[in-house]
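Q: Single-letter residue listing:
2 protein chains.
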Amino acid sequence: MPAIDNTYRTHYTNQIESGLLGQRATIAGWIEDLRDIGKVVFLTVRDVRGVAQAVVSGQSIEIIRDKQRQSAVIISGLVQDSKSKDFSLEIKADRVIILNDATHPLPIDPTGRVESALDKRIDSRALDLRSPKTASIFLLRSVLLENIRTTLRSNGFIEVNTPKIIGSASEGGANLFEFEYFKKPAYLAQSPQVYKEQLILALDRVFEIASYYRAEKSHTARHLSEFLSVDIEAAFTSMNEIINIAEQVLMNILSLNLSTSEGDMNGSKTLLIPKPRFPLKRLSYQQCVEDLKKQGENIEIGDDLSDASLRVLGEIHKGFFFIVDWPTKLKPFYIREKENDPRFSYSFDLQYGHLELISGGQRQHDPNRLKERLIEQNLNPDNFKHHLRVFSWGMPPHSGWGLGFDRLIMALTNLDNIREAVLYPRDVDRLTP
Amino acid sequence: MPAIDNTYRTHYTNQIESGLLGQRATIAGWIEDLRDIGKVVFLTVRDVRGVAQAVVSGQSIEIIRDKQRQSAVIISGLVQDSKSKDFSLEIKADRVIILNDATHPLPIDPTGRVESALDKRIDSRALDLRSPKTASIFLLRSVLLENIRTTLRSNGFIEVNTPKIIGSASEGGANLFEFEYFKKPAYLAQSPQVYKEQLILALDRVFEIASYYRAEKSHTARHLSEFLSVDIEAAFTSMNEIINIAEQVLMNILSLNLSTSEGDMNGSKTLLIPKPRFPLKRLSYQQCVEDLKKQGENIEIGDDLSDASLRVLGEIHKGFFFIVDWPTKLKPFYIREKENDPRFSYSFDLQYGHLELISGGQRQHDPNRLKERLIEQNLNPDNFKHHLRVFSWGMPPHSGWGLGFDRLIMALTNLDNIREAVLYPRDVDRLTP
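In the order they appear, the protein sequences are chains A and B. Heads up: the first sequence at position 65 corresponds to 65 in this note's numbering, and the numbers run straight through without jumps. Heads up: the second sequence at position 417 corresponds to 417 in this note's numbering, and the numbers run straight through without jumps.
A couple of the hints might just be wrong.
[What the hints assert, rightly or not] Derived list of chain A stretches under chain B, where covered just means 3 residues or more per stretch with a C-beta under 8 Å from a C-beta of chain B:
#, segment
1, 50-62
2, 136-142
3, 156-167
4, 293-302
Just so you know, these hints were derived from the structure itself, not from any lab. Note that the Cβ used here is the ideal one computed from N, Cα and C, for glycine as well.
Just chain A, with the same shape it has in the complex:
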């Protein structure tokens, strides 16, 4: 195998542009197809940016003739017009280097001609990603992460990094992974909730995009035990203002021109959903219960909205909609109740049909009331002592939300299973690769 030289990257393009006609070009990537017609071998080489054709003849033919598809190659030569119906230009190869062989049979076919089950594809994820369809999901993730950060920064949010190793169960104790941390019990954080609330006490508006952990025993298509969350929190900000920011995040994503935003990454094919009308519907929880009753559902004010109920609501309202003003007792201790009717709270979820994408609201900033709320929810205030003391340092009214990023990708690309949207998903049955 040859050593790498610096010229690889410099001249490297899998998009042979028209301006290159008659010039030298080098392509690096993986053999997608190889047609040996005797004195000439036609070769298509793919990488994440696209696919190019090369024509090999003369001495180089012996190097390439017996090579397996998906082997890594570098090919140089002059660019010429192509007679192929798929390519207008091609490289007439005079330099062919095999960087590494692909050993067949391969566990899956990344060209997509032979379909494989999702589990098999995840088992061989690195190879699965050579499929443009799979790659486009993860290219979309990359583009959206940046787009979301840009929207948040333009709204004055500062990026922070909070600990994922925590000393006490910060939002109740259910479903936490526990481990021994230098002889002390510790847990993996299931959200940055307490930290982001603390930080607005000085940094005003903060956001974090990071992985969190829930020991979910469920086998649903929308839960994982490790997931990426976009979290924001803002001081001096009401529920409606924080909903506006969620809406702006979504609006900016949906107005992305993905076909041009990151080269020729086929991102435009990935966003499959129609653009909703903004502002989105903000349905009250009580309105939702009324709607469900009209559909014959057996539900009363105060009941949680089951997955079945949310599916019915999703049928009525379609696409994206907010459910606001949930019963206080259905929401976590840190959500603030309404002054005029404490049975209900300044809380909201963003739904995409039955799928909950965002959950948030205005927070309880009164330290005494916060302590009472912990007790009401059968939580031990002693476990929250590091958190509660912060509220006596001039805690302003504040609001925030958490967005399940993997679920957002599911929604935007019409995927049925969250495992399609995550490179290396983790669930009750899967810990590898």
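Once you've looked at the hints, dock chain B against the given chain A.
A: Below, chain B without anything else, positioned relative to chain A:
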């Protein structure tokens, strides 16, 4: 306490700009100082963007007079010229709302007039962040994270999210946190090494900025058990090219005009080091050993560079420099040895004096040699079976590095202790707040 209304944010400014003279303005923040001179109270209100003065008289005076410093307030009124030497403009308050009290005595003084030990400051981090000096470190983190991502994206890197819960010890087994994952043993990842190498097999160039975990029992000023790492990996890329990218990341950071890049966040005061000359020195390991010998150090080719040795080198070379071509046996199994002298490898570290900021190199892409290297380093290839199989799918030559982001902040701001650079540090003794 009042409900929040939407006007808070809209009119909210702690920088009273000259154009506001004679107009209404609202400021929200925390009382820094309060001078009661009888019929008038002078008040300074700070938030992360700056500090403003308000003059309160009339009825509002009774609301504010006895309030403690660091209480959260909102103040509205007309902007007028100020006679104060610190402010050219001030608000003549006609509306004063106390959002929440600060209960005294406070555990630390965030104005910095009374200094507190670092441990005490971390115990009360949310309050400590009201100090502009502390806040500036974390504002710098936010700005640099974005700047690094921009540099990487402009070099064709795609952002990925790899799992932090892993099923086998991926880089040896030392210093991993272990826990029970649905009745199976699992570990917290100490780097994305195996995943980022796998992903370049299709995505070509990837980066990730995320938290990783090492069960470090050390008590040094530069190790934490949870740390933020910037990781990149690139196919068809040599060690020198990947070093060039590290250099470009650093150059772009050091050419940031921080005083304008994120409002008036005093970021310019944070970058304390002089700008180095680019390109940075690339010293060979062998050259370093020669230098150390000349200084009377007891060291031979093949020995690791101890912290003491690195301190001596840091004295000779100052600031940033690379050490390249380390002995193969001192580097992890995935580093590629040189063809012409396999005792040495395509590996490098970026030093800032004695502090190692980046470690990287070209990787071993030959699957057979990689397996041999595992055995040479007393690792069990069976634990790497999910990883090794990927190398038979046409793995190209590739290179990458990992940057300790918290250490970079330490270096750039001349901090002595990494705990200053992390919001909620985690070490052998600290698991809270």
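Q: Confirm or reject each hint.
A: So, going through the hints one by one against the coordinates:
Note: the segment 50-62 of chain A has 0 residues with beta-carbon separation from chain B under 8 Å; the three-residue rule is not met and the coverage is violated. Only residues whose C-beta sits within less than 8 Å of a C-beta in chain B count toward coverage, and the segment 136-142 of chain A has 4 of them, enough to reach three; the restraint holds. For the segment 156-167 of chain A, the stated coverage by chain B holds: 10 residues have a C-beta nearer than 8 Å to a C-beta of that chain, and at least 3 were required. Proximity of the segment 293-302 of chain A to chain B, defined as three or more residues with a beta carbon under 8 Å from a beta carbon of that chain, is not established by the 0 residues found.
Checked against the numbered hints above, the structure violates hints 1 and 4; every other hint is satisfied.
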